[in-house]
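Chains A and B, in that order, give the protein sequences.
For the first sequence, this note's numbering gives the first residue as 1, with consecutive numbering after it.
For the second sequence, this note's numbering gives the first residue as 1001, with consecutive numbering after it.
Derived from the structure by calculation, the hints contain no laboratory data.
All of these numbers come straight from a predicted model, not from anything done at the bench.
Heads up, the beta-carbon is just placed ideally off N, CA and C, and yes, glycines get one too.
Don't take each hint at face value.
To be verified - Derived SDA-like pairs (lysine to any residue); straight-line CA-CA distance at most 25 angstroms:
1. B/LYS1009 - A/LYS77
2. B/LYS1057 - A/SER83
3. A/LYS77 - B/ASN1084
4. A/LYS60 - B/TYR1103
5. B/LYS1057 - B/ASN1028
6. B/LYS1009 - A/SER83
7. B/LYS1009 - B/ASN1084
8. B/LYS1057 - A/LYS112
9. B/LYS1071 - A/LYS52
10. B/LYS1057 - A/GLY61
11. A/LYS56 - A/GLY41
12. B/LYS1057 - B/ASP1038
13. B/LYS1071 - B/LYS1014
14. A/LYS77 - B/ASN1028
15. A/LYS77 - B/LYS1057
16. A/LYS56 - B/LYS1071
17. A/LYS52 - A/SER83
18. B/LYS1009 - A/GLU42
19. A/LYS56 - A/THR5
20. A/LYS77 - B/GLY1042
21. A/LYS52 - B/LYS1083
22. B/LYS1009 - A/GLN45
23. A/LYS112 - B/PRO1039
24. B/LYS1009 - A/GLY94
25. B/LYS1057 - A/ASN22
26. A/LYS52 - A/LYS77
27. A/LYS56 - A/THR24
28. B/LYS1057 - A/GLY94
To be verified - Under 7 angstroms between C-beta atoms, here's a sample of chain B residues computed to sit facing chain A:
29. PRO1039
30. LEU1043
31. PHE1055
32. ALA1081
33. PRO1085
34. PHE1107
35. GLY1108
36. SER1109
37. VAL1115
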Amino acid sequence: GNSVTQMEGPVTLSEEAFLTINCTYTATGYPSLFWYVQYPGEGLQLLLKATKADDKGSNKGFEATYRKETTSFHLEKGSVQVSDSAVYFCALKGSGNTGKLIFGQGTTLQVKP
Amino acid sequence: DGGITQSPKYLFRKEGQNVTLSCEQNLNHDAMYWYRQDPGQGLRLIYYSQIVNDFQKGDIAEGYSVSREKKESFPLTVTSAQKNPTAFYLCASSDYRDRGQHYGYTFGSGTRLTVV
């Protein structure tokens, strides 16, 4: 079945450091891929998405490229801020018409001043 | 503005008591979902509904019940049979008819349930 694997956290960085959070997936067909962010005490917000191979999703300085050859969708940001501290979830939506998202376990990012 | 409203934000339950968490959406989405999140954990699917008057169990449905009498509403009842209900509960919705699969979920802001 479909699954998503994220790197374990927490990831602790200093402000202005480069961020990578790894995400790999297993799926049949051509899934859509998503990154969600959850700030403390809140629900999840869609950060970015990519719907086909080689697509690059981007938002708020974050980027992720849909790599079908490596089944990956790693999240990157060139210079993190303290306000980026949150939990990040990678997710996929399969090509079947079930509508359900499959989430990874989440990766906590802590950015220190 | 369209969105999902969860209420209350905080809820306290006594031992042996049933409580109901509200989830309302005005996005005209067909599908709605309930997730449970424990500290430092990912999301676990409790129940989901793809159409009015129909719903399916997720991965951890025991001790929970739902109804879907209206498209806009998908309340979750945490029953006394749920032995460890303290958690953060998230409701979400999506356009089930999205055959292009381009859209993810829209989430509510969550309800934090605590057993006292």
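Outcome of the hint check:
Distance check on the hinted pair: B/LYS1009 and A/LYS77 sit about 32 angstroms apart at the alpha-carbon level, beyond 25 angstroms; violated. As the CA atoms of B/LYS1057 and A/SER83 are separated by approximately 37 angstroms, the hinted pair breaks the 25 angstroms bound. Distance hint between A/LYS77 and B/ASN1084 is unfulfilled; the C-alpha atoms sit about 38 angstroms from each other, more than 25 angstroms. The straight-line distance between the Cα atoms of A/LYS60 and B/TYR1103 is roughly 19 angstroms, inside the 25 angstroms bound, and the hint therefore holds.
Distance check on the hinted pair: B/LYS1057 and B/ASN1028 sit about 22 angstroms apart at the alpha-carbon level, within 25 angstroms; holds. The straight-line distance between the Cα atoms of B/LYS1009 and A/SER83 is roughly 23 angstroms, inside the 25 angstroms bound, and the hint therefore holds. Restraint check: the Cα-Cα separation between B/LYS1009 and B/ASN1084 comes to about 19 angstroms, which is no more than 25 angstroms; the hinted pair holds. With a C-alpha separation of about 41 angstroms, the suggested pair B/LYS1057 and A/LYS112 falls outside the 25 angstroms cut-off, and the hint is violated.
With a C-alpha separation of about 31 angstroms, the suggested pair B/LYS1071 and A/LYS52 falls outside the 25 angstroms cut-off, and the hint is violated. Taking the CA atoms of B/LYS1057 and A/GLY61, the gap is about 38 angstroms. The hint is violated against a cut of 25 angstroms. For a cut-off of 25 angstroms, the pair hint linking A/LYS56 to A/GLY41 is broken: about 29 angstroms separates their Cα positions. At most 25 angstroms may separate the alpha-carbon atoms for a hinted pair to count; B/LYS1057 and B/ASP1038 meet this at roughly 19 angstroms.
For the hint pairing B/LYS1071 with B/LYS1014, the CA-to-CA distance comes to about 31 angstroms; that exceeds 25 angstroms, so the pair is violated. Restraint check for A/LYS77 and B/ASN1028: the C-alpha separation of about 34 angstroms exceeds 25 angstroms, so the hint is violated. The suggested pairing of A/LYS77 with B/LYS1057 is violated, with an alpha-carbon distance near 37 angstroms, which exceeds 25 angstroms. Restraint check for A/LYS56 and B/LYS1071: not satisfied, since their Cα atoms lie roughly 34 angstroms apart, outside the 25 angstroms limit.
Distance check on the hinted pair: A/LYS52 and A/SER83 sit about 30 angstroms apart at the alpha-carbon level, beyond 25 angstroms; violated. Restraint check for B/LYS1009 and A/GLU42: satisfied, since their Cα atoms lie roughly 10 angstroms apart, inside the 25 angstroms limit. Straight-line distance between C-alpha atoms of A/LYS56 and A/THR5 comes to about 19 angstroms, which keeps the hinted pair within the 25 angstroms bound. Distance hint between A/LYS77 and B/GLY1042 is fulfilled; the C-alpha atoms sit about 22 angstroms from each other, no more than 25 angstroms.
A C-alpha spacing of about 43 angstroms is found between A/LYS52 and B/LYS1083, which places the hinted pair above 25 angstroms, so the restraint is violated. Taken as a hint, the B/LYS1009 and A/GLN45 pair is honoured in the structure, with Cα atoms around 17 angstroms apart against an allowance of 25 angstroms. A distance of roughly 21 angstroms separates the Cα atoms of A/LYS112 and B/PRO1039; the hinted pair therefore holds under the 25 angstroms criterion. Our distance criterion of 25 angstroms between C-alpha atoms is broken by B/LYS1009 and A/GLY94, whose separation comes to about 32 angstroms.
Distance check on the hinted pair: B/LYS1057 and A/ASN22 sit about 30 angstroms apart at the alpha-carbon level, beyond 25 angstroms; violated. Note on A/LYS52 and A/LYS77: the hinted pairing holds, with a Cα-Cα distance of about 21 angstroms set against a maximum of 25 angstroms. The suggested pairing of A/LYS56 with A/THR24 holds, with an alpha-carbon distance near 15 angstroms, which does not exceed 25 angstroms. This hinted pair checks out: B/LYS1057 and A/GLY94 have alpha carbons roughly 19 angstroms apart, not beyond 25 angstroms.
For the restraint placing B/PRO1039 at the interface with chain A, the shortest Cβ-Cβ distance is roughly 11 angstroms, beyond the 7 angstroms limit, so the hint is violated. Taking 7 angstroms as the C-beta contact cut-off toward chain A, the hint placing B/LEU1043 at the interface holds, the least distance being around 5 angstroms. Hint on B/PHE1055 is violated. Least Cβ distance to chain A is approximately 13 angstroms, over the 7 angstroms limit. Contact between B/ALA1081 and chain A, as hinted, is not supported at the beta carbon level, the nearest pair being about 25 angstroms apart and thus beyond 7 angstroms.
For B/PRO1085, the interface hint is violated, the least distance from its beta-carbon to any beta-carbon of chain A being 18 angstroms, above 7 angstroms. Checking B/PHE1107 against chain A: minimum C-beta separation of about 4 angstroms stays under 7 angstroms; hint holds. A hinted interface residue such as B/GLY1108 counts as satisfied when its beta carbon comes closer than 7 angstroms to some beta carbon of chain A; here the least separation is about 5 angstroms, so the hint holds. At about 5 angstroms, the closest approach between the beta carbon of B/SER1109 and any beta carbon in chain A falls short of 7 angstroms, and the interface hint on this residue holds.
With a cut of 7 angstroms, the hint placing B/VAL1115 at the interface with chain A is violated, because the nearest CB-to-CB distance is about 19 angstroms.
The earlier numbered hints that this structure contradicts are 1, 2, 3, 8, 9, 10, 11, 13, 14, 15, 16, 17, 21, 24, 25, 29, 31, 32, 33, 37.
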